[in-house]
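Please model the entire structure based on the sequences and the hints provided.
Protein chains: 2
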Amino acid sequence: MKTAILTIGTEILFGQVVNTNAAFLSEQLQNIGYDVMYHYTVGDNPGRLEKLLGIAFEDCDLVLTTGGLGPTQDDLTKETICKYFGDEMVKFPEVEEWLRDLWKGTGMTWTDNNLTQAYFPSTAELLPNPRGTAPGFRLEKNGKVIMSMPGPPREMKSMFLDYVKPYLESRTDGRICYKIVRTYGIGESALETALLPLIDGQTDPTIATYCKEGECMARVTSKRKTYEEAEAAVDEMVGTVKSLVGDYVFSCDDEELVEVLGKILIENNITISVAESCTAGMFASTLCSVSGISAVFDRGLVTYSEDAKKKELGVRAETLEKYTAVSPEVAYEMVAGLAAKTGSRLCLSITGVAGPDDLSEDKPAGLAYIGLRYKGEVKVVELRTRNVDRNNNRRKMVLRMLSEAYSLVK
Amino acid sequence: MKTAILTIGTEILFGQVVNTNAAFLSEQLQNIGYDVMYHYTVGDNPGRLEKLLGIAFEDCDLVLTTGGLGPTQDDLTKETICKYFGDEMVKFPEVEEWLRDLWKGTGMTWTDNNLTQAYFPSTAELLPNPRGTAPGFRLEKNGKVIMSMPGPPREMKSMFLDYVKPYLESRTDGRICYKIVRTYGIGESALETALLPLIDGQTDPTIATYCKEGECMARVTSKRKTYEEAEAAVDEMVGTVKSLVGDYVFSCDDEELVEVLGKILIENNITISVAESCTAGMFASTLCSVSGISAVFDRGLVTYSEDAKKKELGVRAETLEKYTAVSPEVAYEMVAGLAAKTGSRLCLSITGVAGPDDLSEDKPAGLAYIGLRYKGEVKVVELRTRNVDRNNNRRKMVLRMLSEAYSLVK
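Which chain is which? The protein sequence lines are A and B, in order. Take -10 as the starting number for the first sequence in the working numbering and just add one per residue. Take -10 as the starting number for the second sequence in the working numbering and just add one per residue.
Please keep in mind that the hints were generated in silico from the structure rather than gathered at the bench. Be careful, since some hints might not be right.
One copy or any two copies: either way a pair holds, since identical chains are not told apart in the list.
Claimed, not checked - Once the Cα atoms are required to be at most 25 Å apart in a straight line, the calculated DSS-like pairs of lysine-lysine come out as:
no.: 1; residue 1: Lys330; residue 2: Lys300
no.: 2; residue 1: Lys40; residue 2: Lys133
no.: 3; residue 1: Lys168; residue 2: Lys146
no.: 4; residue 1: Lys352; residue 2: Lys93
no.: 5; residue 1: Lys93; residue 2: Lys385
no.: 6; residue 1: Lys(-9); residue 2: Lys40
no.: 7; residue 1: Lys299; residue 2: Lys330
no.: 8; residue 1: Lys311; residue 2: Lys300
no.: 9; residue 1: Lys368; residue 2: Lys385
no.: 10; residue 1: Lys311; residue 2: Lys299
no.: 11; residue 1: Lys399; residue 2: Lys168
no.: 12; residue 1: Lys212; residue 2: Lys231
See below:
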């Protein structure tokens, strides 16, 4: 069923609040086979809300709203929806009773503006709100359905899961399954080119490629009668995707590269240490976002100064002088020294130019050398990222370190 | 000027991505005096996009779009906007040249679908995108203005700040000045209470307090005929704010705490080293986001294992055994050992429970001990953050380390 999500609240238009309600509802609806066509956001303004209701119902049969159900004067959602549906507002005595009981329970002073929360369109089906004071409601007319929920995410989520979702599931004709195939070491256009035979003329499952933070992925989606059928179709297509670009795939289950790497290290008890210069602890910090990594992560050394490189890792003064700190030779000595010091099974080092300024003509910002030592073998990889800014350069360097480490242990 | 924000991307309608772009743009527009009336979101679908363009321009004169500018087939924003404005797509040779140069620089293989990124409506003013491969553009007709930016937040933000905002500021009737007074060590309600005499009955300048990522700030805004008048009014009010809560203020110019700290360290040549356990390099990495910090940052040690704490920092086995790794005693020995090893003027250490699980009943997730050594004196601070999740806990710990370091050197 074609669906629109309409979030109501001036605080969203002011940018004070990020619209997480729309994201939550979208994902939920997607999973139960509803097609979300639009998100709309409007302030607490009846005229503009009414306009958007008209627009939303032009090509959608279901509209979910959040926000604007509270007792204060600027919350006029209910009245506006009521008017749009040609209904009239009436007091629901059971809600008034529930509200008065609530107030008694908390010891707060009852003020009559709370009574507005007992009024609803006369034909509304109410949606209980055990976590707040504003019930939601469902209204239907000529095949058009609106379901209104409160704005606070905690109240909205529990109302959706307990009362909205079961109703919607009882009305769907299909179930959707999607999986996200994540890759490393391949750009978006190269990924799309490789998958073009699958993308061209696709019907179901569909494939879409996209990029996020320097990493490219493909989303495979199917809609079938049952979730099981949809999942089987998706799994088959994921298999085909892997047969085309399998070398670049690290997860078919939307995991982060660092999670996948961390799991492999933990499961195989591969101890790891790292010596960082330009990334300055970002690799260690990123790796340690994985819960349980303490079982294998031994040590990180941020050897920013030349003195630190010499003292902590035994990098030789001659090497620093002859080749400078940003060189494959120094990356090599860093990782060798780290391995000798820690004995970790996997050791990484990095030295480079974080930027934003170039170090010299032949040492531009974004240049880095990554040393890796695993199973007694040492290799050094050169990385040239496009100089964007200091932190972006560093993030790309860390991503490359994760990729190289993953390549070794996968 | 009445403004609508139109975000384009199926991933938003799928709920895979929270629409932070709309929040960022809303806040920015608000600050420079534009009224955001609506947010619209639509997938990569030309028909529906065209419909929304029509709706948005019904009562808005300015529409900002994000997303859908990439090289892949589902990115059709430009063509649709071009059609809506009655223009035609032409190749911009300078963009093609720039793109081909970019590809040469990175060594990636050029594929011809990248060429679509060189096509724009013939009357478009281009908006450079130094952080990505898809330039944005501005198009105007009959007093209606559209400005299209890429979807990745990093690219969009820098394009907005560098090219969109200056243009919009040049078109407003009044001039707005706002400054953000940033504080540490004070909660939002305490900050609001302290500023209440100023907030009550305010007209211009206005003051609003808000909290983000565990840090509270006050925005002081004025709209006057000239920027200079607005700035003078804001500066006067900022002075009043400082007279009330000055002890907590670290910047009146919207700087990050880490920037302010980094500058002080560099200017005063205060060398710094850090030994991290639970934050695992996040402090070092955060501090090293400051350009030029290499002049004073000597060394970071991520001593995750007990063995590393002993070998790198000389923490005694007895101390670890008697008090456990998460204890003020270990934080003390860590920072003392670090100072002895590096001789840095400012040394920090941290040991704690990153979470998400508690270590034990009396060592809950979010508990940390921070050791500081400066001018020969050592102190240990206890921090108990509310356990949200592993990375959130770690970020709060780093923020506290920055605060404590700032308190010592300010």
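Quiz item: Which numbered hints does this structure break?
Solution: none
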